[in-house]
Amino acid sequence: MSGFDKVVHSYEEAMSGLTDNMTILAGGFGLCGIPENLISEIKRKGTRGLTLVSNNCGVDDFGLGLLLPDRQIQKIIASYVGENAEFERQMMSGELSVELTPQGTLAEKMRAGGAGIPAFYTATGVGTPVAEGKDERQFNGRDYILEESITGDFAIVKAWKADRYGNLVFRKTARNFNPMAATAGKITVVEVEEIVEPGQLDPDEIHTPGIYVNRLIQSTFEKRIEQRTTRPSGE
Amino acid sequence: MALSRDQIAQRVAQELQDGYYVNLGIGIPTLVANFVPKGIDVMLQSENGLLGMGAFPTEEMVDADLINAGKQTVTMATGASIFDSAESFAMIRGGHVDLTVLGAFEVDVNGNIASYMIPGKLIKGMGGAMDLVAGADNIIVTMTHASKHGESKLLSNCTLPLTGRGCIKKVLTDLAFIEIKAGKFHLLERAPGVSVEDIIKLTEGELVVEGDIPEMEFG
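As you go down the protein sequences, you meet chains A and B in turn. Each residue of the first sequence is one higher than the last, beginning at 2 in our numbering. Each residue of the second sequence is one higher than the last, beginning at 4 in our numbering.
Chain B extracted, bound-state conformation:
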């Protein structure tokens, strides 16, 4: 079975460590905040200028001056700080964020990522994504392994305009957890009930499969 959006988020959350500063992109990455393992404290960075993002506010707490990068009303966690956009991206570009999780349309064997533009169709802009992929060392891309029509999103070469070049090392899809090194995809884990053959079939770029590939575990 392919993983649900929540399960993808849950598997990403297993990569969190106590004391991590984390930037979560819009979509599935946002859900990671719901699955932070017990006993672990993380601080969420929102690139519009908030470190220590809290839960959504109650109706009475809503404050138009307090939003996240997805323009949603939020609250501040204990120990939060506020800063301007240049400071926010100094954190990101300076490599101070421990983990970045973001979505993508395509990833390729050279660690290239395309996530912001479909020429002629979707031209909304990159927001902070180009800064995030260029500045972070530890990035996890979350996406579906293939399109609804069965076209692989793990390619030998990205076809869409790039968000970043050679910057992605880990991809978690609804089928597999994959590492990118030396110009190849490496299969680390598979979703429960999904066979290695299924994954190979839906991976267009070269995929290295070494030994028995364990199933992902969910606590």
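Only chain A is shown next, with the shape it has when bound in the complex:
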């Protein structure tokens, strides 16, 4: 029974085994649904030479941006970057290698990686810098490029709720890349706001089954908002 219990009790335990030059897949879109405490643990550990696969790279003092000042990231694969000054500096100076990847291709690379599919054809990026060096092939008269899937040594994921077996439920748009990242890590570490006992989640409402999850930790989150846009009350 307890073999399915994924709960760990410290962040040190959650990220144990992470060493220099590994590849990490991270969930999150902007600062929404990012595994913020797991990122802080990587900063604390001081692991270097990392390849990060994430839609974005946080901001100067939050999210993956925290790994920049100590030069922990050697390469990032992302669709949209440059929300922070230090990132731009390291990219321009060549200290940080950046592989810009279309957002849908990035999501599909992780999904395919987790599903054991080594590569797939897509029309996205045909005729653009993204297509350079990639196999091109026609299907039904249309051009497609071959994109290789991605897996990671670690995947770091933020979910809303989980049971001890690692069955996950995400909340609103904090889901984003998290389910795909969860499937594609050799070791998938998930941090959540609440852990319940097995049986307390309706099997029909589980977004990510526990088979993908290796370690689970409960914590509290700052959940910083990148662009707080509001309308007046009473409208």
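It is possible that part of the hints are untrue.
What the hints assert, rightly or not - Below, computed lysine-lysine pairings styled on DSS-like, alpha-carbon distance capped at 30 Å:
{"id": "1", "chain 1": "A", "residue 1": "LYS224", "chain 2": "B", "residue 2": "LYS173"}
{"id": "2", "chain 1": "A", "residue 1": "LYS46", "chain 2": "B", "residue 2": "LYS204"}
{"id": "3", "chain 1": "B", "residue 1": "LYS74", "chain 2": "A", "residue 2": "LYS76"}
{"id": "4", "chain 1": "B", "residue 1": "LYS124", "chain 2": "A", "residue 2": "LYS76"}
{"id": "5", "chain 1": "A", "residue 1": "LYS135", "chain 2": "B", "residue 2": "LYS127"}
{"id": "6", "chain 1": "B", "residue 1": "LYS151", "chain 2": "B", "residue 2": "LYS173"}
{"id": "7", "chain 1": "B", "residue 1": "LYS184", "chain 2": "B", "residue 2": "LYS151"}
{"id": "8", "chain 1": "A", "residue 1": "LYS173", "chain 2": "B", "residue 2": "LYS124"}
{"id": "9", "chain 1": "A", "residue 1": "LYS173", "chain 2": "A", "residue 2": "LYS224"}
Claimed, not checked - Output of the computed footprint for chain B on chain A, the stretches with three or more beta carbons under 8 Å from beta carbons of chain B:
{"id": "10", "region": "37 to 51"}
{"id": "11", "region": "124 to 130"}
If you are wondering where the hints come from, they were derived from the structure by calculation, not from laboratory data. All C-beta atoms, glycine included, are put in the ideal place defined by N, C-alpha and C.
With chain A's structure known, arrange chain B on it following the hints.
Chain B only, in chain A's frame:
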């Protein structure tokens, strides 16, 4: 008179149809949501994983877990659904979105679009733009017709790195509504008070002008 940003959005909104699923890019395209004609229901797709995006929240409703693709806090409309990024782009790449509106730096007569990178200056990434232009059949590009220095953005060949090849058929600028077919721009409508000559002058790529070109109408 060149159209204002709101007027560009208003003209795009006239292309909406009842029951359309629509993806609006950042900038002018976002404003289209403010001009949805009366009696028409559209569902806005936000590529971070929300179909049925609502208005901005009130201060009390702000939820850090609910944002749009521009990372702004939003709400959900009645009938909204939430999904992951792979599902979101399956909708986009699978051609299920009825209309995509996005901005650009340049468009050319072959339907090529450059919108994400200015080498040496702006290297932030394409986000979902490459997926959107490759996956959608019905795309409207909104942009100013020329730069502040009078350099045309409607070209015979894009000069910047491409976001997509041969995928743009309609462009709405502050001066004109233009269709791209068979390797040429075709002038469909002009902004009120803007002459055909003005448009020709600021269009570098070959522009076909057939018959009287009507002025855009705003209700």
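Each hint tested on the structure:
1. Restraint check for LYS224 (chain A) and LYS173 (chain B): not satisfied, since their Cα atoms lie roughly 40 Å apart, outside the 30 Å limit.
2. Distance restraint check for LYS46 (chain A) and LYS204 (chain B): the Cα-Cα separation of roughly 61 Å exceeds the 30 Å cut-off, and the hinted pair is therefore not satisfied.
3. Between LYS74 (chain B) and LYS76 (chain A), the direct Cα distance comes to roughly 24 Å. Compliance with the 30 Å bound is thereby established for this hinted pair.
4. For the suggested pair LYS124 (chain B) and LYS76 (chain A), the alpha carbons sit about 21 Å apart, so the restraint of at most 30 Å is met.
5. With a C-alpha separation of about 22 Å, the suggested pair LYS135 (chain A) and LYS127 (chain B) falls inside the 30 Å cut-off, and the hint holds.
6. Among the hinted pairs, LYS151 (chain B) with LYS173 (chain B) is consistent with the structure: their alpha-carbon atoms are about 22 Å apart, no more than 30 Å.
7. Under the criterion of a C-alpha separation no larger than 30 Å, the hint pairing LYS184 (chain B) with LYS151 (chain B) is consistent with the structure, at around 27 Å.
8. Straight-line distance between C-alpha atoms of LYS173 (chain A) and LYS124 (chain B) comes to about 35 Å, which puts the hinted pair past the 30 Å bound.
9. Taken as a hint, the LYS173 (chain A) and LYS224 (chain A) pair is honoured in the structure, with Cα atoms around 13 Å apart against an allowance of 30 Å.
10. Only residues whose beta carbon comes within less than 8 Å of a beta carbon in chain B count, and the region 37 to 51 of chain A has 0; fewer than three means the coverage is violated.
11. With 7 residues having a beta carbon nearer than 8 Å to a beta carbon of chain B, the region 124 to 130 of chain A meets the requirement of three or more and the stated coverage holds.
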